[in-house]
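*Asks:* Sequence:
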Amino acid sequence: LMIDTGYNAKQMLANISQRELTLIGVCLTHGHTDHAGGLEEILAQWPVPVYLGNGDFDLLPWRPPDASIKIPADHQMIALGELTVECLATPGHTPGGFCYLLSLKGQALCFVGDTLFSGSVGRSNPFSLYPQHLQSVRHTLVHLPKDTALFPGHGPSTTVIEEQAHNPFA
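By this note's numbering, the letter at position 129 of the sequence shown is numbered 116, and the numbering carries on one by one without gaps.
Heads up, a few of these hints could be off.
Label-pair ranges, simulated between beta-carbon atoms [said to hold, decoys possible]:
| id | residue 1 | residue 2 | range |
| --- | --- | --- | --- |
| 1 | GLY68 | PRO132 | 19 to 25 Å |
| 2 | GLU27 | PRO155 | 35 to 41 Å |
| 3 | ILE3 | ASP45 | 27 to 33 Å |
| 4 | MET64 | LEU8 | 19 to 25 Å |
| 5 | ASP53 | GLY93 | 36 to 42 Å |
| 6 | ALA152 | GLN32 | 41 to 47 Å |
| 7 | GLU69 | GLN(-2) | 26 to 32 Å |
| 8 | ARG110 | GLN32 | 28 to 34 Å |
| 9 | ALA152 | GLN63 | 28 to 34 Å |
| 10 | ASP53 | PRO155 | 40 to 46 Å |
Because the hints were derived from the structure by calculation, they are not lab data. Ideal Cβ placement from N, Cα and C applies to all residues, glycine included.
Starting from the given sequences, assemble the full structure and let the hints guide the process.
*Replies:* Written as structure tokens, this is what we have:
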């Protein structure tokens, strides 16, 4: 499972090949190019489902075939063997933003895109989404289990407890 495609599709595809992995899906935190760029190239080699919030399709640099698009519901679970992925609607940075909470054997980590950064948040785009953005952080992300690792789209990783203690937006 790939969370955000980033800019370097060739490197992502090379990593999959070198590690002899099978790509089974792509979860996009939002539709900005720095998170969804290269999607066309990746899907050309791996025609897999693409999960993206409904409000972000117009932001994509390239639109995937309708058959591959999966619009997640808030709290939708994706089961991948022992790994579970919970799709968390977190609008604010963009209208259709999602975070993905991965859990395996009692360990949890969450890919938060640009919804949250270590000690900060991404900008609300458009700014009228700012109240929703704060609600996504304050009512969803900081209520995850305290030891949950958080992986923003930019900058260092953090934890829920660290953000509760030090992030002024939490």
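*Asks:* Sort out which numbered hints this structure fails and list those numbers smallest first.
*Replies:* none
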